[in-house]
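Student: The primary structure of each chain is shown beneath.
Protein chains: 4
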Amino acid sequence: MSERKVGIIMNGVTGRMGTNQHLLRSICEIMKQGGILCSDGLRIMPDPILIGRNRAKLEELSKLSGIENVSTDLDSALSDKRYAIYFDAQTTDRRAPAVKKALAAGKHVYCEKPIAVSSKEALELYQLAVKADLKNGVVQDKLWLPGILKLSRLIRSGYFGKILSVRGEFGYWVFEGDLIKAQRPSWNYRQEDGGGIISDMFAHWQYVIENLFGKINALSCIGATHIAKRWDENGKEYKCTADDAAYACFELEDDVIAQFNSSWAVRVRRDDLFVMQVDGEKGSAVAGLRKCWIQPQSATPKAVWNPDIDNPIDFYKGWTEVPDTQSYDNAFKVQWELFLKHVVLDEPFRWNFLEGAKGVQISEKAIESWNARRWIEIPSLLKGK
Amino acid sequence: MSERKVGIIMNGVTGRMGTNQHLLRSICEIMKQGGILCSDGLRIMPDPILIGRNRAKLEELSKLSGIENVSTDLDSALSDKRYAIYFDAQTTDRRAPAVKKALAAGKHVYCEKPIAVSSKEALELYQLAVKADLKNGVVQDKLWLPGILKLSRLIRSGYFGKILSVRGEFGYWVFEGDLIKAQRPSWNYRQEDGGGIISDMFAHWQYVIENLFGKINALSCIGATHIAKRWDENGKEYKCTADDAAYACFELEDDVIAQFNSSWAVRVRRDDLFVMQVDGEKGSAVAGLRKCWIQPQSATPKAVWNPDIDNPIDFYKGWTEVPDTQSYDNAFKVQWELFLKHVVLDEPFRWNFLEGAKGVQISEKAIESWNARRWIEIPSLLKGK
Amino acid sequence: MSERKVGIIMNGVTGRMGTNQHLLRSICEIMKQGGILCSDGLRIMPDPILIGRNRAKLEELSKLSGIENVSTDLDSALSDKRYAIYFDAQTTDRRAPAVKKALAAGKHVYCEKPIAVSSKEALELYQLAVKADLKNGVVQDKLWLPGILKLSRLIRSGYFGKILSVRGEFGYWVFEGDLIKAQRPSWNYRQEDGGGIISDMFAHWQYVIENLFGKINALSCIGATHIAKRWDENGKEYKCTADDAAYACFELEDDVIAQFNSSWAVRVRRDDLFVMQVDGEKGSAVAGLRKCWIQPQSATPKAVWNPDIDNPIDFYKGWTEVPDTQSYDNAFKVQWELFLKHVVLDEPFRWNFLEGAKGVQISEKAIESWNARRWIEIPSLLKGK
Amino acid sequence: MSERKVGIIMNGVTGRMGTNQHLLRSICEIMKQGGILCSDGLRIMPDPILIGRNRAKLEELSKLSGIENVSTDLDSALSDKRYAIYFDAQTTDRRAPAVKKALAAGKHVYCEKPIAVSSKEALELYQLAVKADLKNGVVQDKLWLPGILKLSRLIRSGYFGKILSVRGEFGYWVFEGDLIKAQRPSWNYRQEDGGGIISDMFAHWQYVIENLFGKINALSCIGATHIAKRWDENGKEYKCTADDAAYACFELEDDVIAQFNSSWAVRVRRDDLFVMQVDGEKGSAVAGLRKCWIQPQSATPKAVWNPDIDNPIDFYKGWTEVPDTQSYDNAFKVQWELFLKHVVLDEPFRWNFLEGAKGVQISEKAIESWNARRWIEIPSLLKGK
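Residue numbers (the working numbering), protein chains in the order written: chain E, 1 to 385; chain S, 1 to 385; chain V, 1 to 385; chain X, 1 to 385.
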């Protein structure tokens, strides 16, 4: 049983997502479990260095994570041959320049989403990586949520027959911050600070839809700022300038329609914070983050419209939960393991920079549709494809 | 205690809706209960004549309903002074010509929806009725469904604070007709026969939305024919040419957004065949046909996104059902009683031909939006309003 | 990040409440968490000395708490400039003299309730503290119970509309001590030892009512000694001479009526040991110590009196629990932190000796009402207010 | 098996209570079941005549009930020897004069409560009946509610040991009548029309308390008009002038305290619309209208005050429901059967006019206490008793 160390430059993991999901629950967990066990007995063992701009924060993170290797000097880490991979979880505006440097230094690159502030810049990163023949990947964690995995397995099993339509409902009530503190940062609600639910969530809808149901041909979207004022982290009132809700329709290949609502101003009467209902000729499914329920055609009740009496059918009882048949690892960690095997063993990994660029593109097109008040076609990012 | 007889020409009540809802559950019930008791002790008693083209069917209906007065001769009924009201439940294409004759004969007119095949024709009927100073009304039964009444009372009580958004979800699985007989007539799925879910349902959405939430300023809609072939009443396969699903967004006054899905190709995992969720600053509600659930701001849970664990919140438990505080009569009957009091006592009745024309207009505009692939503004039907 | 040490003389913390609530769960916890983090990065760190009359008990407490600084010499601690704060949790009769000495020595003072044996003496303490310009506070812990905090937030959110009435029900069965040991000390049931439920609880009702619902204008109260004999800590029978139950009504400003029962001789069929039901025009709430349930007007069932059948309404189901939207610290600790910030940063703190004097006054007036068998008006303690 | 017919003049049974409870559910039911079967095989069969002022209403009632004997002439019925009993369910102001006439005519008399508008007049009726040696009774139906019967049986069994205290909680939300129609008549809320919860309910509390727990020595009461305006049967707004809530304390013999809240402006989080909790040395009980729960001393949990954690005791689970061990007849019918056996067989019947006078007295004294703002002693109505 041999071990292969892989040096990883982790930049910008002092933030909440970087610390929790990428460092503690992914890389540290992989190290604790003795690396990634591959089919031939090889163990891939991450060897991270934490890069940041604030030394005090880095040292605190070092103590918390047990990773001793920290530095504020990105350039010297990039020039160090021990590190094969560059990972970026900085704020979006700082991402593209750093990724370019990493590619120039010959590193494989893995990134948080969105990979750039525009689809043009994102595509440029992809082309740079292809030209340099370097591996590249973008975080698309929701694909490995148990609920989505169960749905994906239903699709692959042919359960649905022809898929007809998809409904996505995402959201919950984000408190205004006056009587009850908000559970999300205030910048999310200010356009001038990069906020807005479209730029936050549509990249996710893009990869979930296209990985599960097929290519998006066109979209129609309208955004709204339902809550006009909120109170920030210091209890100070501020004006909301970014969209806190978006209502979108996607036309997919094979005439599938996907209708998605996203909102931070909605109260939840459904199975989970995010649910997708998929209706197919032979059956339907509703997936949440971790659970999934199905109603095959033969269990479908024959509903009749008669408002004179309470409906005799309990519409929740006719669904069966898809049982757990495996244990589910943290979604970020699963994708990290796939990327590391992609780098070390050249195993396939389809969630590359081009995929990341598509996510950026969908957000751009959604905003374009909102402004133009019409359907927008989604062109291929690569000519002739 | 005096009684006032009101003669009603009921045309086209041999169909399913006409027989069940208008004749048996409305007019016959009103007669059984001794007429409509008005506040001054007066009782309004319907005195119907049933008109149809098929004498055999009329006689069967006479036996079923106990109404002895039947005829195939509309013209002579219209010329009979005993009848003050003409009611029309024929197929849509036959409605406008018959209504015009009735108005010309000086009858007050009450109609099934849609009142005409186009909003232009519908508006013409309205203007004819106004000119002749005759009372006119259109069926808008869903306004008197218990669930909608409860929602309406919540709105009037100020429960929601500012209303932010409305989500409507209508539909169920209409069986294809091969293994299991369809629970709707086959013409619904053929455009050439006047089928389609947009023309069937959007008139309802128009009056529900405008009566509860305010004027519709614009809409965006896309239709689909999800099920390509079905089997008709005789077990014969046919091609579906009409839309069986429609995904629409409405912009209302005061920046409210209403998003409505309608589908005959969806399986139901929700509280009822039709549910509307209304989210307001101070609380939310979900209404079905007869029931309604609320979650005020103070009962709103602070949901946090953490897909690593099963969500600790049961999102259904945090809602309370609005209790029944009155008994609810059949919605059609309630509107019939209001129309009869409108005719006899001149009590107000706002659901007139102009309102009916607006319903036709919304269907037209939805189809226009679908074709043009863009948002369509809804102009006022009356100039200068 | 700087730290400010604050010396605290803790007198009388060898008793049950002093040890558990003030020393272990408040001061020691604040020290463990690294002091109180203030908004500007300052950390306020308590530096306590434990004072008592019994050296052996003090040493045991030192071991238990880890606080090494103990002494039986109050006077020399008061003359020590390192200590800015004097805290008193002695028996009530010893409190006022010690507080006077502390004020004379220039200490800020924080006290257990009641702050004196009479409202006259309590008011004198307040006037001494004001004259010496020293900070002063009294424990009013129930204000920071999660259930009361939830209720308070409902009030501030306008949930109730006009508040109509409040019902408080406090109590449980305190075992007599023969077969089952009593869960409260025997002096509670002897008037000659300062016992009685009125003097124990009415100070709490005063601040809960006045902080949440408004000024108490008048009260009517009757006490009772329901259980005539009990068995003490040594299993010895004794005669109960103090009130173990009290039935009171309070008239508040704005015509609100608050009816409170307090009893150590009642069995509990309700949500918690102490519950308050608040009924308002737009909704009601029932709060326990940690939980709170609401029934808004729109969820209020239309109950009808019909004893011929089992009531068709489940009166518990129509209520929704107010969800937790924050984590709740120990109530005593929360108030300690507020007092320490009051001393160090001059932040506002409204629970001062005058408030403490009002609590003593209400107990006095309740007993006066009981004796006089009539309503008693509550005059302002400060002339001209 | 012999039958004895008893003629009953039923006056004022066209009202809601008279029709439903006295005529249909009591007298008609007794007739349907073949009369009252007495221990010696005798069957007492009521033979009623219905008296009223409105012939149309009487005839309608005759049709509804099947009682053919009706008349508007009270005097001639009173002079008819066939009728041994006079029953009065008229409005209160008309009761005493009619009862006097009936006594003068030698009839035994049974009455709805209150038997007169003042205790003085009520006592006079009692003295007239005694002098004439005629049987007399007043409706005190709540004594035969299943919940009260179960409680009464617990008392008689010695279950409670010494009874310490009683808490009564009566009330529910009577809707204001604007959005939701009120479930009680509007005169209840106008003092000028004889409204008010004290005059409606305190007569009931008097007989329930005195029959179950002992003589009332003194009372303290405060009333309130919580809801200032309501909407009447015609949807017209009116000012509420009568008390809609009352908070009372009763001192009973043997030092028992009974605390009763009555309110039409309270939402119900308890077991029933009216519940009484009785705490005794050996056990407690909570009775609703039909059910009753007990917690004996040996099932009493040892509750400890610790608000730092959710209370580990479910305070509802520690109670057991008293099982049904008999079937319960309608309470009004039960008392009718007892009165008829009292008249025919001279069986004892303690609910006579003197008892009725006590109920009137308690309402008077409660209002006196409210005005005087002090406890009021309850003198014996009969001198020297």
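Keep in mind that the hints are not guaranteed to be accurate.
[Claimed, not checked] List time: in silico SDA-like cross-link candidates among lysine to any residue, alpha-carbon distance up to 20 Å:
#: 1; chain 1: S; residue 1: K229; chain 2: E; residue 2: E281
#: 2; chain 1: S; residue 1: K282; chain 2: V; residue 2: K282
#: 3; chain 1: E; residue 1: K142; chain 2: E; residue 2: M17
Think of the hints as simulated: they come from the structure by calculation, not from any bench.
Student: Honestly, which of those hints from before does the structure not fit?
Tutor: Hint check: nothing fails, all pass.
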